[in-house]
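*Asks:* Numbering (my numbering), first residue to last: 346 to 640.
In case anyone wonders, no lab produced these hints; they're calculated from the structure.
Keep in mind the model is a prediction, meaning the values are calculated, not measured.
Some hints could be false.
[Said to hold, decoys possible] List of simulated lysine to aspartate or glutamate pairs, EDC-like, C-alpha gap at most 20 angstroms:
| hint | residue 1 | residue 2 |
| --- | --- | --- |
| 1 | Lys-456 | Glu-629 |
| 2 | Lys-456 | Glu-637 |
| 3 | Lys-597 | Glu-610 |
| 4 | Lys-456 | Asp-514 |
| 5 | Lys-597 | Asp-514 |
| 6 | Lys-456 | Glu-610 |
| 7 | Lys-597 | Asp-580 |
[As the list claims (entries may be wrong)] If you anchor each label on the Cβ, the simulated ranges turn out as follows:
| hint | residue 1 | residue 2 | range |
| --- | --- | --- | --- |
| 8 | Cys-466 | Ser-532 | 26 to 32 angstroms |
| 9 | His-426 | Thr-567 | 44 to 50 angstroms |
| 10 | Gly-484 | Ala-565 | 24 to 30 angstroms |
| 11 | Pro-626 | Thr-403 | 50 to 56 angstroms |
| 12 | Ala-435 | Thr-403 | 45 to 51 angstroms |
| 13 | Arg-633 | Gly-542 | 27 to 33 angstroms |
| 14 | Ala-541 | Ile-420 | 49 to 55 angstroms |
| 15 | Val-510 | Thr-479 | 21 to 27 angstroms |
| 16 | Gln-638 | Arg-600 | 28 to 34 angstroms |
| 17 | Thr-625 | Met-346 | 34 to 40 angstroms |
All residues carry an ideal CB built from backbone N, CA and C; glycine is no exception.
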Amino acid sequence: MELIWLEDYLELARTGNFSRAAEARHLTQPAFSRRIRALEEWAGVTLFDRATQPVQLTVAGREFQPLAAMLIRRIADARAHVREVAAAEAATIRIAATHALSLIFFPPWLKRLEAAGLICCVQLTSDTLSAVETLLLDGRAHFLLCHVHDEVPLRLPANEFVSAVVANDRLMPCAAPGLVASGAALSDAPLLAYGAGSGLGRILRSLLGARLPRLLSAPALTADLAGALRALCLDGRGVAWLPATLVEDDLKSGRLVTFADASLEVPVAVRLFRPLMPLTPTAEELWRLAQEQGS
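Please construct the entire structure, taking both the sequences and the accompanying hints into account.
*Replies:* This is the structure in structure tokens:
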């Protein structure tokens, strides 16, 4: 069944005349008649009494008339709805970000982009690095925002993805003041480590694993989220390498202190990754502004 058959049917019901209905539908009368017949064959009933002048609807035809009008309206509404959804989807930027950046870095960063002229809806997905890498690889996100170190590459093929530095950060060994005051040496202090899915854990294991083998072999506690390790540090549970952006206020207020000298800090970059293939106009605008602000 085709939508145009319903429109033909309603026009014939309105005029009661095949010739005038065909003219209104910009068809020859034979072509118009064939379409009415096709609708009746689809319905399995005769909709018009052709023996009368003007042509009259049969009982089944009268019953069908409001249903046909409703179907046309519903289909038109459905088309308008999916077009609205598609337009909203095209204007929505999907960003996958690690938990550590979603919590502290992302809100002011987005605000700066909006102040520079970005107008869009953003769908932010926050997860471990392994999970958000997969979102970008599968095409379910336009962008990936994460901490990176040049010596610890991501799983993103260089011939398919490109990135821009949008900020700089560093991982700092932090602990509660009481733990530092106790005089415990770093070699003896309980170490709080990131889980296997954490990007920060990847970086620390690669760069500090040789100097601090207990990070790999015997951490006191393990968690995927920097926010969870921060809470454990505040509770005096041990030493964790936390992003400076996450603990800036804690360090200023004295709730946390750095446990070791600066040689154990790890500089990292905050990078925005995207596919090389063209994105939506709104996503391309975000990329342009992010590059400008990053530089």
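*Asks:* So, for every hint listed, does it hold in this structure?
*Replies:* Going down the list of hints, with the structure as the test:
For a cut-off of 20 angstroms, the pair hint linking Lys-456 to Glu-629 stands: about 17 angstroms separates their Cα positions. Restraint check: the Cα-Cα separation between Lys-456 and Glu-637 comes to about 15 angstroms, which is no more than 20 angstroms; the hinted pair holds. This hinted pair checks out: Lys-597 and Glu-610 have alpha carbons roughly 17 angstroms apart, not beyond 20 angstroms. Taking the CA atoms of Lys-456 and Asp-514, the gap is near 19 angstroms; set against the 20 angstroms cutoff, the hint holds.
Straight-line distance between C-alpha atoms of Lys-597 and Asp-514 comes to about 16 angstroms, which keeps the hinted pair within the 20 angstroms bound. For the proposed pair Lys-456 and Glu-610, the alpha carbon gap of about 29 angstroms is over 20 angstroms, so the pair is violated. A hinted pair counts as satisfied when its Cα atoms are at most 20 angstroms apart, and Lys-597 with Asp-580 qualifies at roughly 17 angstroms. Range check, Cys-466 to Ser-532: about 50 angstroms between beta-carbon atoms, so the 26 to 32 angstroms window is missed.
Remark: the range hint 44 to 50 angstroms for His-426 to Thr-567 is upheld by a beta-carbon distance near 47 angstroms. Against the hinted window of 24 to 30 angstroms, the Cβ-Cβ separation of Gly-484 and Ala-565 comes to about 39 angstroms, which falls outside the hint. With their beta carbons about 53 angstroms apart, Pro-626 and Thr-403 fall inside the hinted range of 50 to 56 angstroms. The hint said 45 to 51 angstroms for the Cβ distance between Ala-435 and Thr-403, and at roughly 47 angstroms that hint holds.
The beta-carbon spacing between Arg-633 and Gly-542, approximately 32 angstroms, falls within the hinted interval of 27 to 33 angstroms. The hinted window of 49 to 55 angstroms between Ala-541 and Ile-420 holds, with their beta carbons roughly 51 angstroms apart. For Val-510 and Thr-479, the Cβ-Cβ distance of about 23 angstroms falls inside the hinted range of 21 to 27 angstroms, so the restraint holds. Checking the proposed 28 to 34 angstroms range against Gln-638 and Arg-600 shows it holds: the Cβ atoms sit about 30 angstroms from each other.
A C-beta distance of roughly 35 angstroms is found between Thr-625 and Met-346, which places it inside the suggested range of 34 to 40 angstroms.
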